[in-house]
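The hints should help you fit chain B onto chain A, whose structure is shown.
So the chains spell out like this:
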Amino acid sequence: MITYETFIGADQKARTIADIRKDFPILSRQVHGKPLVYLDSTASSQKPQAVIDAMSTYYQTYHANVHRGVYALSEEATAAMEKARIKVARFINARQGKQIIFTRNTTESINLVAYSWGGANIHAGDLIILTIMEHHSNLIPWQLLAERTGARLEFIPVTDDGLLRLDIYEQLLQQQPKLVAFTHMSNVLGTINPAKQMIEQAHAAGATVLVDAAQSVPHLPVDVQELNADFLCFSGHKMLGPTGLGVLYGKRELLEAMPPFMGGGDMIGKVELRKSTWNVLPWKFEAGTPAIAEAIGQGVAVDYLGALGMENVLRHEQAITDYALQQLQSVPGLTIYGPQSADKRGGVISFTLGDIHPHDLASILDQEMGVAVRAGHHCAQPLMEHFGLAATARASFYVYTILEEIDVLVQGLHKALHIFNL
Amino acid sequence: MAMDYREYILDHYRNPRNYGKLEHPDVHAEDSNPLCGDQLALDLQIADDHITIVRFQGRGCAISQASASMLSEMIEGKTTEEVIHLGKDDILDALGIPISPARTKCAFLCLRVLHRGLAMAGLEKPGESDDEEE
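If you read the protein sequences in the order shown, they are chains A and B. Per the working numbering, the first sequence runs over residues 1 to 422. Per the working numbering, the second sequence runs over residues 423 to 556.
Don't take each hint at face value.
[To be verified] A short, non-exhaustive set of chain B residues, derived as facing chain A with CB atoms under 10 angstroms: (1) TYR427; (2) GLU429; (3) TYR435; (4) ARG436; (5) ASN440; (6) GLY459; (7) GLN461; (8) ARG481; (9) ILE485; (10) SER486; (11) GLN487.
It should be emphasised that the hints constitute simulated quantities derived from the structure, not laboratory data. C-beta: ideal position from N, C-alpha, C; glycine also.
Bound-form chain A, shown alone (with noise of 0.2 angstroms):
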């Protein structure tokens, strides 16, 4: 019999992980013939009824538009939009609702960094330091940057237990950059990179910092005060909200500085024909009409998560992948990448299994045993190269995922030894 620890967060009720999962209606389904075993929360979260009924009750009953009409639905409607930016911004401890861009992920909350400050502050020849463990979205943004400007672009390698070098990184630092960016943690191995140590170091080589938090502000406590990023991004979709609303964080003086991304309605002063001036944070980066039932789901996904408490959602995780380690260290043939040990990662664990291709894998542990894996390169080539890998499995775990889905998962993996004759 397996035991949990019982969520007390920060409204102080307990919640048991039966009452946790009771609240995701997708996990009582079935694939297969078997109970859905969702392991892919890493390339995006399931949802709670609360989030998917908040964004009903929009649409069903206070829907317009937001920031223009005078009308009482278009009030409601801005008041909830507005009211979900300041939960975002508590969540991540901004200092002010109008530091929180929404944008439609993380891609491109990163692209408009690269397009609008990136296009204003990098030139010919300046140095901008990112990591071999990018996903592909905090890299083609930063590669196209380059070459319409001729900025230079410097790697931090990673140890063979998926690691980043800092030694190398300290080396890096001395050419004096103009930018830093990195993911907090790794999509593929897992790995939580001392965020705010590096931070601190790029500030004191003169450099402005990225952090692409897509995977770590949904399972970790994030700070963005205290970790002093300059800009920050993440995705909602990753958070038990609805896809189509991403996070761009940045500090204030940066962000008034910035020339707009895009253009269009909602982000303008004075539009005259041949010159026009641009609104005031945050909307200056939001053209268009927003995602307004995605940003009010948010908001919801972002009180479930805070009356979870982040520390109890980080403890959780850490358990489940310290038993994961555990147990698929006993299927023969199993390697698993990045660090060994729960405490240097997150709830992500990418193995392969004999000579079972990743695909063929994912397709056994779907059809046999109802489990939905990641198989592949996860966005994150450089990194796979690296390892000498086309491709990987990857299982990844949330507030949802419980114990018997691990056993599940090793289950699975035992039957594809046997179908491969392994």
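Relative to chain A, chain B alone:
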């Protein structure tokens, strides 16, 4: 629809037929599945409108590599005219198992590389085969 990894598929995966490359191929093409990373390169030697030697190299899942191995056996000795008309059904027949929708790109990668190679060599009109696009 359960995919069934039959013995002969695993055999083609682990012991691919016609594996390798040609020094001076008459037809060469390669491609990959950007989503999942399956890679395939195909070389053909052609004499008197017949495919005399087939070699392929690749890495990827059992479905993508077994399909390529089976296709290599299928086209060896055939006329180019016959090969131009090979399509998805021929691959599915050779595999002999249901392929789930998410895995069709793996199964048909070899076909895409074949038709692309023939088109680049001027032996087939681009797009003549409806199997170019998934």
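So which hints don't hold here, by number, going up? 5
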